[in-house]
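Chemist: One letter stands for each residue in the lines below.
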Amino acid sequence: MNQEPTAQEPILRIDGLSKSFGPVRAVDNVSLDIQRNEFFALLGPSGCGKTTLLRMLAGFETPGSGRILLDGTDIAPLSPEKRPLNLMFQSYALFPHMTIRKNLSYGLEMERLAKTEINHRVDEIMAVTDLTPFAERKPEQLSGGQKQRVALARSLIKRPKVLLLDEPLGALDKKLRERMQLELKRLQHEVGITFIIVTHDQEEALVMADRMAILKDGRLLQCGAPEEIYEHPADRFVANFIGVMNFISGVVTPNGSFEADGLSVPMPGAAAGPATLAIRPESIAVSMNGGGIAGSLVDAAYHGLDRVLHVKIAACETPLQVRVPAHTSADLGIGSPIHLGIDPDRCRLFPD
Amino acid sequence: MSFQASRPNLLAAPAVAWLLVFMVLPCLLILSYAFFERGTWGGVVYDFTLENFQRVVDPLYAKIFLNSARIAGLVTLIAILIAYPAAYAINRAPKHRQAMLLFFAVLPFWSNYLIRTYAWIVLLNREGLLNNLLRMAGYDGEPLSLLYSEGAVIVGLVYNYLPFVILAIYSTLSRLNPELMEASRDLGGGPVSTFLRVTLPLTMSGVAAGGVFVFVLSIGNFVTPALLGGGRFQMIGNVVYDQFLTANDWPFGAALGMVLIATMIILLFLQGRATAHASGERAGAPS
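Protein sequences, first through last, are from chains A and B.
Residue numbers for the first sequence follow numbering that gives the first Met the number 0, beginning at 0 and rising by one.
Residue numbers for the second sequence follow numbering that gives the first Met the number 0, beginning at 0 and rising by one.
Derived by calculation from the structure, the hints in this document are not laboratory data.
It is possible that part of the hints are untrue.
Listed next, the stretches of chain A that the computed footprint assigns to chain B, with coverage defined by at least 3 CB atoms under 8 Å from CB atoms of chain B [unchecked claim]:
id : stretch
1  : 74 to 83
2  : 106 to 115
Mimicking DSBU-like on lysine-lysine, the simulated pairs with C-alpha atoms at most 35 Å apart in a straight line are [unchecked claim]:
id : chain 1 : residue 1 : chain 2 : residue 2
3  : B       : Lys-94    : A       : Lys-215
4  : A       : Lys-160   : A       : Lys-184
5  : A       : Lys-81    : B       : Lys-94
6  : A       : Lys-101   : A       : Lys-184
7  : A       : Lys-114   : A       : Lys-160
8  : B       : Lys-94    : A       : Lys-137
9  : B       : Lys-94    : A       : Lys-101
10 : A       : Lys-137   : A       : Lys-81
11 : A       : Lys-173   : A       : Lys-215
12 : A       : Lys-174   : A       : Lys-137
13 : A       : Lys-184   : A       : Lys-81
14 : A       : Lys-160   : A       : Lys-101
The beta-carbon is built from N, C-alpha and C at its ideal position, and this holds for glycine as well.
Please work from the sequences and hints to get the whole structure.
Modeler: This is the structure we're talking about:
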């Protein structure tokens with residue numbers, strides 16, 4: 000009996016999944032474990048294969064190869080209506096000829112549940128999602144945010160093992176989107192259902208996800224918690240895609256030091272050879288009293304809480320972005336000389 | 000300001016004038032004959048009467064009218080049953096192939112109506128292709144009399160109007176957001192439930208448009224019944240034709256025509272209402 004307890008077993012195991020459209024490998028040998036009650040984000044630029052992956056999970060695309068294990072059973076051969084998971088469509092796909100109540104009850108009617116049970120569950124989900132006043136309206140009479148809640152409720156009412164969400168907030172304006180990010184997270188916590196969300200918005204993924212996977216050209220680049228991916232990106236692409244990153248090209252010397260024009264950062268243990276140093280804007284310090292790397296201020300953008308300075312240094316073609324508290328840099332004029340300090344512990348090194 | 004407002008009207012003026020002079024006026028003229036008496040040697044005597052309408056409801060003509068409606072109804076039903084799967088298949092085909100498939104669907108339209116109808120005579124007569132094929136398949140009884148029957152008329156009408164119905168249904172299907180069907184499947188609906196509860200209701204406006212079109216054109220048709228139905232078979236269109244060209248009873252022909260036009264207007268009105276009701280369903284289409 001040295002089996003792991005069931006709580007540790009992933010609810011969904013994606014095992015070597017691939018899918019080609021003609022010569023294009025849309026999804027290329029992706030393997031992922033998604034834990035029970037996790038809020039998981041599939042993140043990547045458009046065309047990275049994240050939507051194809053989601054559609055394979057929902058059953059609308061047939062995998063070229065690989066398995067999809069839901070609670071240990073391979074659901075890849077099942078048609079969409081037989082899979083105990085639901086998809087919330089990007090377009091919401093509300094039935095325009097049905098009232099909101101009818102839209103919500105549709106999935107339960109397909110399960111042939113008793114009428115009283117259906118009514119009870121529709122009333123319940125409408126209360127949770129604040130949709131009760133709109134029960135008898137048609138979708139066209141609702142705002143974008145309300146439609147989004149109907150789409151969510153229509154999927155949740157089925158009590159799926161996993162809920163798939165395809166760019167669920169894409170159609171909403173910025174303010175509403177930020178509110179709905181937290182709302183979705185709260186709701187996911189309340190209903191205790193595993194959420195897998197597809198998004199191209201890295202900020203959205205960082206805010207909402209417990210863990211996330213970064214995809215590019217159909218391949219999985221990295222999977223982990225947001226902090227882990229932000230702090231320890233696996234490669235240059237991930238480093239650039241998540242948050243803002245400065246890149247400096249240079250060489251690692253045999254004695255373990257990264258060298259570029261006017262710049263030297265100790266990197267003990269790094270392999271010698273050409274490499275790129277990556278550092279976040281908030282990991283660069285400005286020293287007012289001289290010392291460190293010399294540069295000049297090219298531009299400064301005020302963001303309220305902080306200020307992003309664009310500093311030109313000799314080692315780097317594009318100015319470095321440096322994030323500093325707004326009040327410490329108010330008197331810096333464009334063109335003024337500036338000195339930067341880089342903390343080696345907060346740098347990442349990518350061999351070229 | 001008034002120039003801006005009146006410009007669209009000005010642009011439509013030639014078409015409106017054309018319709019008025021060459022469509023509405025002649026129609027009104029003919030229809031007005033319905034209220035007058037016929038002359039002894041044909042022509043119209045301008046004495047007001049409602050007698051023509053009394054003859055329309057005469058059991059003899061009412062029966063022909065109802066029979067025509069029945070045949071037109073059957074034609075409509077069969078055409079929809081054939082056209083819907085065809086339109087569905089075309090809509091499911093890869094995008095680049097759809098234009099070609101539609102082209103083939105409407106191809107018969109580009110040949111002459113009479114030639115198309117005569118082709119059916121060649122196919123259906125006692126020495127025709129179908130009977131020959133049957134004989135080759137081993138059938139050695141009397142050749143089947145397929146031609147000059149109600150069945151032949153129905154086949155001919157369905158054949159002629161099918162492309163309209165395919166186009167009408169295809170146009171609503173192609174505007175339907177495919178994610179709606181996927182959503183139904185995702186929510187647990189099998190292919191049949193999805194079709195009956197989502198696809199069909201959302202494409203009824205196309206079915207209605209195509210159906211009304213076929214029904215109206217079929218009920219008034221006189222060429223196909225004359226050629227494929229033989230001389231004995233009469234639809235209301237043949238009766239109207241006979242009144243004008245054989246019996247020289249223009250007023251009665253006009254009264255019959257009026258009933259046909261009224262039927263058409265009522266059907267178009269009902270179809271228009273159905274389409275307006277369904278217009279909210281466009282909201283489901285991808286933007």
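Chemist: Return the numbers of the hints above that this structure violates; sort them in rising order.
Modeler: Every hint satisfied by this model.
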